[in-house]
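Asks: Chain order of the listed sequences is A and B. Residues are numbered in our numbering as their position in the first sequence, beginning at 1, plus a constant of 1206. Residues are numbered in our numbering as their position in the second sequence, beginning at 1, plus a constant of 37.
No wet-lab data here; the hints were simulated from the structure. Among these hints, one or two may not hold up.
Covered by chain A, according to a simulated footprint, are these stretches of chain B (three or more residues, beta-carbon under 8 angstroms) [stated by the list, open to error]:
no. : segment
1   : 80 to 87
2   : 90 to 101
3   : 146 to 158
Predicted, not measured: the structure shown is a model, and the values here were computed from it. Glycine residues also receive a C-beta, built at the ideal position from the N, C-alpha and C atoms.
Each chain, written out:
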Amino acid sequence: MRHLPLRILLLFCAVLLVFNSCTKERKLPIYGNRDTKIVKHADGSSSIDTVYQTIPDFTFLNQDSVKINNNTFKNKVYVADFFFTSCPSICPIMHRNLKKVYEDFKGNPEVMFLSHTIDYKYDTPHILKKYAAKLGVDDKKWQFAYGKRNDIYTIAEKSYLVAVQEDSTEKGSYVHQGWLILIDKDRKMRGIYDGTDSKAVEKLGKDIPTLLAEYKK
Amino acid sequence: MRRYILSALVLLTITTMIYSCQSAEQIKQDMYFANGRDLYVKRCQNCHGQKAEGLANLIPPLTDARYLKKNKNKLACIIKNGLNEKIIVNNREFSEKMPAQSDLNDIDIAQIIVYLTNSNGSKQGMYNTEAVTADLKKCK
């Protein structure tokens, strides 16, 4: 008899848990550094708000030598990555995997792709154009970005949190990580996936609709 | 009678010899094939793909049995020194650059060739290290 309340409590918790997990809609996490700011309200009170890291303003040239910037991705969720066309190692795998996601969302104008080249010496827009055409993705949906070394390397490391560097000991002379980063319509980082792992990239494909659902209200 | 038995024995010995020779050769080929497959996964799969399907029009597939047969004596050079020319594979044109892999030994290359030419629709049999060494002397 003494144990009955405990059992009831446990049962209650279990029921609560089940219902909770059923009704609560899944939301993607928010990545990146965060800060707090004090918000002053009209009635004189104030509260503390979390400020999430966002992708800063940028301007690059795309594969058609046309300027692209944040407005190109306005009201879109997009997948960003860093690569170079003559990459002998992980890039072919990343783009083989990412192309499947691209095909899956071909009919969805809210989804875009942005690949930055880290080979600022060789990968000029015209080389990127050839690459895009041969990959079979040369349209507005998948943008290839060419920029000054510092602009690309800074946005990679400070904003998308992807390590990139030149390295004369590495074949092809650049080393970089194969992350695919999912960015929401508010420039926040909502997913980080290993582009060389087809399972991880499948998850990216599933997370995109979840992210888009947040805006359907 | 003794003659018959003797000749039957001789015949038997010879067939067994041929048979065991063949299977020793087969065992060697299977070993090359298995090692070649491992090397493929480590050194080629990132570009040419898990099913040797290539990547769109950037990287050619390795499933064109006719190409592999016609260019058999060039495969060693392609693998060791890379390739940078216009080629037609599966009726499609490719012209990107394949990097050299000069650290591969002749035996590695032979194993990769045995794997390539006995999978994905090809069935060309054994290719030994001596053949690779000879091929490499003739690279352009």
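Asks: Decide, hint by hint, whether the structure agrees.
Replies: Status of the hints after comparison with the structure:
Counting residues of the segment 80 to 87 of chain B whose CB falls under 8 angstroms from any CB of chain A gives 3; the rule of at least 3 is met. Counting residues of the segment 90 to 101 of chain B whose C-beta lies closer than 8 angstroms to any C-beta of chain A gives 5; at least three are required, and the coverage claim holds. Counting residues of the segment 146 to 158 of chain B whose CB lies closer than 8 angstroms to any CB of chain A gives 0, which falls below the minimum of 3, so the coverage claim is violated.
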